[in-house]
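Please arrange chains B, C and D on chain A, whose structure you already have, making use of the hints.
For reference, the chains in residue letters:
Number of protein chains: 4
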Amino acid sequence: MPSMRAHVFRVPAEGPDDVSGVAALFAAGLKPQNVVAILGKTEGNGCVNDFTRGYATSSFKTLFRKHGVEGVSIVMSGGTEGALSPHWTVFAREETDAPATRALAIGAARTPALPSHDLGRRPQVLMVADAVRAAIRDAGIGDMADVHFVQIKCPLLTTQRIAKVEASGKTVATRDTLKSMGLSRGASALGVAVALGEIDVDEITDGDIGTRHELYSRCASASAGVELLDHEIVVLGMSSRWSGPFQIDHAVMRDAIDVQSVKAAYARLPEGKLAAVLAKAEPDPSGQVRGNRHTMLGDSDISGTRHARAFVGGVLGGVFGMTDLYVSGGAEHQGPPGGGPVAIIVEKET
Amino acid sequence: MPSMRAHVFRVPAEGPDDVSGVAALFAAGLKPQNVVAILGKTEGNGCVNDFTRGYATSSFKTLFRKHGVEGVSIVMSGGTEGALSPHWTVFAREETDAPATRALAIGAARTPALPSHDLGRRPQVLMVADAVRAAIRDAGIGDMADVHFVQIKCPLLTTQRIAKVEASGKTVATRDTLKSMGLSRGASALGVAVALGEIDVDEITDGDIGTRHELYSRCASASAGVELLDHEIVVLGMSSRWSGPFQIDHAVMRDAIDVQSVKAAYARLPEGKLAAVLAKAEPDPSGQVRGNRHTMLGDSDISGTRHARAFVGGVLGGVFGMTDLYVSGGAEHQGPPGGGPVAIIVEKET
Amino acid sequence: MPSMRAHVFRVPAEGPDDVSGVAALFAAGLKPQNVVAILGKTEGNGCVNDFTRGYATSSFKTLFRKHGVEGVSIVMSGGTEGALSPHWTVFAREETDAPATRALAIGAARTPALPSHDLGRRPQVLMVADAVRAAIRDAGIGDMADVHFVQIKCPLLTTQRIAKVEASGKTVATRDTLKSMGLSRGASALGVAVALGEIDVDEITDGDIGTRHELYSRCASASAGVELLDHEIVVLGMSSRWSGPFQIDHAVMRDAIDVQSVKAAYARLPEGKLAAVLAKAEPDPSGQVRGNRHTMLGDSDISGTRHARAFVGGVLGGVFGMTDLYVSGGAEHQGPPGGGPVAIIVEKET
Amino acid sequence: MPSMRAHVFRVPAEGPDDVSGVAALFAAGLKPQNVVAILGKTEGNGCVNDFTRGYATSSFKTLFRKHGVEGVSIVMSGGTEGALSPHWTVFAREETDAPATRALAIGAARTPALPSHDLGRRPQVLMVADAVRAAIRDAGIGDMADVHFVQIKCPLLTTQRIAKVEASGKTVATRDTLKSMGLSRGASALGVAVALGEIDVDEITDGDIGTRHELYSRCASASAGVELLDHEIVVLGMSSRWSGPFQIDHAVMRDAIDVQSVKAAYARLPEGKLAAVLAKAEPDPSGQVRGNRHTMLGDSDISGTRHARAFVGGVLGGVFGMTDLYVSGGAEHQGPPGGGPVAIIVEKET
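From first to last, the protein sequence lines stand for chains A, B, C and D. The opening residue of the first sequence carries number 9 in our numbering; numbering runs sequentially from there. The opening residue of the second sequence carries number 9 in our numbering; numbering runs sequentially from there. The opening residue of the third sequence carries number 9 in our numbering; numbering runs sequentially from there. The opening residue of the fourth sequence carries number 9 in our numbering; numbering runs sequentially from there.
Worth flagging that the hints you see were computed from the coordinates, not collected in a lab. Heads up, some of the hints might be wrong.
Identical chains share a label here; the pair holds if one copy fits it or two copies do between them.
Taking lysine-lysine pairs in the DSBU-like style, the calculated list, with each CA pair at most 30 Å apart, reads [claimed, not checked]:
1. Lys356 to Lys172
2. Lys187 to Lys39
3. Lys74 to Lys178
4. Lys356 to Lys39
5. Lys187 to Lys69
6. Lys178 to Lys69
7. Lys271 to Lys356
8. Lys356 to Lys281
Here chain A stands alone, though its shape is the one from the complex:
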């Protein structure tokens, strides 16, 4: 009986438009139509006016179009602060004759376009929850406990979008464009929590989004970008219908320096080569880490998301001994306040 098999490639990028490394994979035999998703770290500010995400997305669309492929999930997260290194992680899958064992499974889905007046509100939560369930089915994961990472690319509000909503007589959840990124990430993460059964949907109101930090998903990771209006969802987990050498597990960091949780998750995985580390980071909303004040939330020169990526990038760089980590900022409702999920994928030695 055949099975599905995942492939994971980590490819360095010389710039937001440098897709040559992925083109080289295609030249070496990877079939473009097998690619499910590309998760990228680009070198912009990761905030509202980060055009490196759109530039990279546009470069990849051109590449895939050349190969006649459409619909690949392209999730760009801006911000390679500190020594973090711009790179692409390519997730592909194919049917194989190998018998199914328990292995890394990958699924994807998209939502319809989100009306801007729903952004950061309950309808966004519901819309995302539906699509996450679809992505889990697409991955062939039966048990919610086997879901280890749900990556969501979600929209944000721009000055123009806000004006359009208000011109129509409706309101927006916030008129602050940078803040809209946080609300969109937060609502998306709560959508994951609802889909995974971590939170009852009836428990969530508009007012909870961005404020009730104790509501969170243990494995949601959301990035907001100006370049889309819908949501792109990629689910990573373990499934007994898949085969191949890749294994995934995840940790939930309780705060920005919680290396113990990360090391414990890493230790649960078999020996092998690190294939990818995917993490979320945020400034602790309490303004403190283990009782000591941090200054990330009061810095008007550098966004707190940039501080957090740089710092947690350092924490994880120290643990894993590498810098091409996918550390994404803004972890609202993604792990406990000030902490966040860290997924680790290992390629088992065979």
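Just chains B, C and D now, kept in the frame of chain A:
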């Protein structure tokens, strides 16, 4: 026979002018005249226009003046990026009747004012070397191998200082004010290397400063600030003429994620409470960390020194489980390129 | 019959702690006890973590304390973007035997400390309105139409203040520290509008603050700072009980490039030497200036207030041919949306 | 006898990839093959890591490729600080049967790729001078006094390019990537000065570039970008071989607030609709404007080029009453120190 005994206090700061924690130490019995140095992390940008250093320095001068004390070395390093926490580390010393054992020793010295046209050039190296030797003598350290950290506060060039030099017909080493900080730190660090016998003074030319990265001191730490024209030098090491529970050792990180060297140094110290961690960080001048590109040197929004402090702050925060670390940016000639010295002070359990 | 006479001095500052120019005025005969207010432009970011305001304030307090003077209004506005020049404007007044003519009048007042949970809400409006009325009385201005500029220094929320409010079971108007500056400025400006009879106090609700841009005062100017908890108010206008060569008028810029209104106000004043230009600037909340998009509100690298100060600084620098202008950012409810008040003080030729 | 006729269109841009306005011009009849150049203001930081320039360039290349057109000069200048508005200025030309009158003439040329070790040095000056002469011939301008604006897009050094040069045993003019932009702009501007006969080529040495501010061209405008290795040159001037309603003149601002020179140039032009304003801006290297200190060169949070664009954008926005101005930063050797050229194009009423 009496001995000298060191005291080390780590005090949180609510802002650059919050000296209340140190005032509380005085109220609790610490004698102001016993304080040799205060090393502070303030929450400015750590670059040219960081006035938090001057503000903190001025606040401490006012405090010490109230107690009739002058001449304390006040070394403020700007920049608490990431989750780093603004704080003061107070170094004091006193004579005690306890017999000398091998313990942490503290010494201090100042240079004369540096003419701005000498900044970043060989005369600065020589001037600093002299004062470092004086500070080592002041600490009562006999063996250069027992010196573990030499902290130097050095001047920088401002637009006005450059104009004054050029009006006098002389030249400056650089007309770029931000760059002048790096040259001043570099020349100071080479001064430490000369004093410790790590580098022969005849080996150093003007052109080497800031360029020949392979010339470095294993335990120099320099911070540039607009608020002084001379150099303040504090030496930390082990001496058999001192007593008390404090012990110091240091690591030299080979790159930004070299936790192994740090853990090894930590392991060499006896069990006890962490009293202070003092480190230097810089963007690897090669543009890479272990073969992967970083973007710190090409970022025109955030200075590379800020990126490096945030990231290495994370690396060390993960290792030590605390965020009130003294991580100072700009490690020119302070440890190998892209790496830097890390001093660890432990208060032995007794 | 004696009269009051105003003095206005514009003094360059080499740094936030450079009060030497004002000390020189004292040495030259200006009586420190005659100083009512100092309005300063300091070179910080003008946002939450701008410590140059506190540093300058502290430096002036030390200077005045040396002269045994307390209670001078010290209003520091951060941000000298573009070619704007750091400087202090000293406002003094004294009784004189000269007969009263119509001339510049200066008044001052302070509010009690504002509870942080009232910041950005109606009680702040009311508290400020009371103090503005007191300052107008202090200036001896009889007709509200003769008030040309009301400068207010108001508090902001910090992460710690927010935590304290929330710990007490109350809420804050916003948990975003940067945004709290705008709300505080807005509520203060509405307080001016109420005091001047421009807006009926019953018309204003909590929800209007920061949102109903059509509510504004034609001559309010508010700056928020971390260094105070109350409000400092300085009123400038014309009074027939005053004498001397200084005359004031003001314009209301309708948008960021409205030089016509400024030139018209300037033309209404008699010939003479420019003594001071005091203005407010903000990014047009519509996201456009005369139909063309601006990018100030979506820039996550540079705060919109900094952009606006730089740009309007250029507009006014072109009109007045000088760069030591008091251009203050964040003009919520201070003039029409995207515009702002500009007060011009001229020293009549005699 | 037929003549050449210029067309100038100013088109708003919703983002770096929004070429829809230009596509609409094509749909309305403008022939893509008649387009000589597009000068764009994009909303990045205008410094080293500004990817909006490359993104816009790539978007235009795709658009022109669709129409089978290659070789259009696409000159993107990053940075719409203050209220400056992102937009494209399209320069087209066509042969017409109308008799030649004196009118706006447009010419273009490219250099070969510049070896990175020549950047900021004399060979770059010579290479650019040759191509400027070619562009002037291409424009059919006979008298050098009729050249009013020479726009050059030039390369910069990146960390990788520097490494490559040094690996080859050669040196670079600077290892500071941001500084390389200034040197490249400066050498390009001196190339214009040489071509126009403003400076004798023998007068210029490597050491003069970026330092001898008194050497400058009155109408050079250079922008550096990471996305090219050669130079793109566009010349604008008056020629008696051209026809049509467009007229150009230029001013040389002596400092950042010199509106008199700008108004005088504007007054020399006939009545008509403003078609385009093209200007250069820079922080005065003296650190002062008319004797008052500015803080642009010592600001480590915001690049001086960004400050200067915002401020001079305001100065010119006030004069011209519009914000979609092409204000480009970094005016080394482009006009006198602290000042810069301003070209004004008017469409004569007919």
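Here's how the hints hold up against the structure:
Proximity of lysine 356 to lysine 172 under the C-alpha cut-off of 30 Å is found in neither arrangement, the shortest distances being 51 Å within a copy and 37 Å between copies. Taking the shortest Cα distances, lysine 187 and lysine 39 never come within 30 Å of each other, neither inside one copy (39 Å) nor across copies (43 Å). Within a single copy, lysine 74 and lysine 178 get their C-alpha atoms no closer than 41 Å, and across copies no closer than 39 Å, so neither meets the 30 Å cut-off. Only within a single protomer do lysine 356 and lysine 39 lie at most 30 Å apart by alpha-carbon distance; the minimum there is 23 Å, versus 59 Å between protomers.
In this assembly of identical chains, the alpha carbons of lysine 187 and lysine 69 lie at most 30 Å apart only when taken from the same copy (28 Å versus 34 Å across copies). Taking CA atoms no more than 30 Å apart as the test, lysine 178 paired with lysine 69 passes in neither setting, with 34 Å inside one copy and 39 Å between copies. When the C-alpha separation of lysine 271 and lysine 356 is checked against a cutoff of 30 Å, the pair qualifies both within a copy, at 17 Å, and between copies, at 28 Å. In this assembly of identical chains, the alpha carbons of lysine 356 and lysine 281 lie at most 30 Å apart only when taken from the same copy (7 Å versus 39 Å across copies).
Figure legend: structure checked against the earlier numbered hints; hints not met, in rising order: 1, 2, 3, 6.
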